[in-house]
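233 is the number that our numbering gives to position 37 of the sequence shown; each next residue is one higher, with no gaps.
Check the hints yourself; a few may be wrong.
[To be verified] Simulated pairs of lysine to aspartate or glutamate, DMTMM-like, Cα-Cα distance not exceeding 25 Å: (1) 277 with 242; (2) 321 with 367; (3) 220 with 234; (4) 277 with 334; (5) 318 with 270; (6) 360 with 300; (7) 321 with 333; (8) 245 with 300; (9) 321 with 264; (10) 321 with 364; (11) 341 with 361; (12) 341 with 264; (13) 277 with 333.
No lab work stands behind these hints: they were computed from the structure.
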Amino acid sequence: MNEHEILLMDGDPQVLRVVSRALKDGGYQITRKSSGVERIQKLVAEIEKVIVGQTPLIFRIVVALLADGHVLLEGVPGLAKTLLVSALGAAMGGVFRRIQMVPDMLPSDLIGTYLYVGNRFKLQKGPLSDCHVALVDEINRAPAKTQAALLQAMQERQVTVMGKDTLELLDPFIV
Numbered sequence: 197m198n199e200h201e202i203l204l205m206d207g208d209p210q211v212l213r214v215v216s217r218a219l220k221d222g223g224y225q226i227t228r229k230s231s232g233v234e235r236i237q238k239l240v241a242e243i244e245k246v247i248v249g250q251t252p253l254i255f256r257i258v259v260a261l262l263a264d265g266h267v268l269l270e271g272v273p274g275l276a277k278t279l280l281v282s283a284l285g286a287a288m289g290g291v292f293r294r295i296q297m298v299p300d301m302l303p304s305d306l307i308g309t310y311l312y313v314g315n316r317f318k319l320q321k322g323p324l325s326d327c328h329v330a331l332v333d334e335i336n337r338a339p340a341k342t343q344a345a346l347l348q349a350m351q352e353r354q355v356t357v358m359g360k361d362t363l364e365l366l367d368p369f370i371v
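Starting from the given sequences, assemble the full structure and let the hints guide the process.
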């Protein structure tokens, strides 16, 4: 910023308008930066374009996202749980993945594995390795080893493929 440039953070929109106008009339260049509060409000507003009437739930999920936490959504079918999580991914500009757990699911189905292709092994990343928002449905159906791999990814924000390569998960990452 030069000596005639002023940085304004968001606050009361009416005050910002009056102050900006007065400073511009005085020859100052105004640079406006949005704070986290404004970004959160935009994120919630984007989700509310898809999910109507669930503002408290949306705020709780956004708080979990900001706290690097995770969310357990329970409910009968048809309550738009999947739509809500998918709207969160879209609103934040992130990658959304839906993972359906089944009794024969392996940890490698979540975190990835190596495939033998053309006389060498190639890393095949799992769905957790390249998403910001993961909806893991029916966790209780998965074997204990697969649940442990999911919990490790949630806690450590990284996955280890076949004990060899450790992959950092995308930031932010929420399940």
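Structure-based check of each hint:
1. 277 with 242: The given pair, whose Cα atoms are some 16 Å apart, holds under the 25 Å limit.
2. 321 with 367: holds (16 Å)
3. 220 with 234: holds (23 Å)
4. 277 with 334: Since the Cα atoms of residue 277 and residue 334 sit roughly 12 Å apart, the hinted pair holds (cutoff 25 Å).
5. 318 with 270: violated (37 Å)
6. 360 with 300: The hint holds at about 23 Å.
7. 321 with 333: Judged against 25 Å, a Cα distance of about 20 Å means the pair holds.
8. 245 with 300: violated (37 Å)
9. 321 with 264: Within the cut-off at roughly 22 Å; holds.
10. 321 with 364: Within the cut-off at roughly 11 Å; holds.
11. 341 with 361: Judged against 25 Å, a Cα distance of about 18 Å means the pair holds.
12. 341 with 264: OK: residue 341 and residue 264 at ~24 Å, within 25 Å.
13. 277 with 333: holds (10 Å)
Hint compliance for this structure: hints 5 and 8 are not met, and every other hint is.
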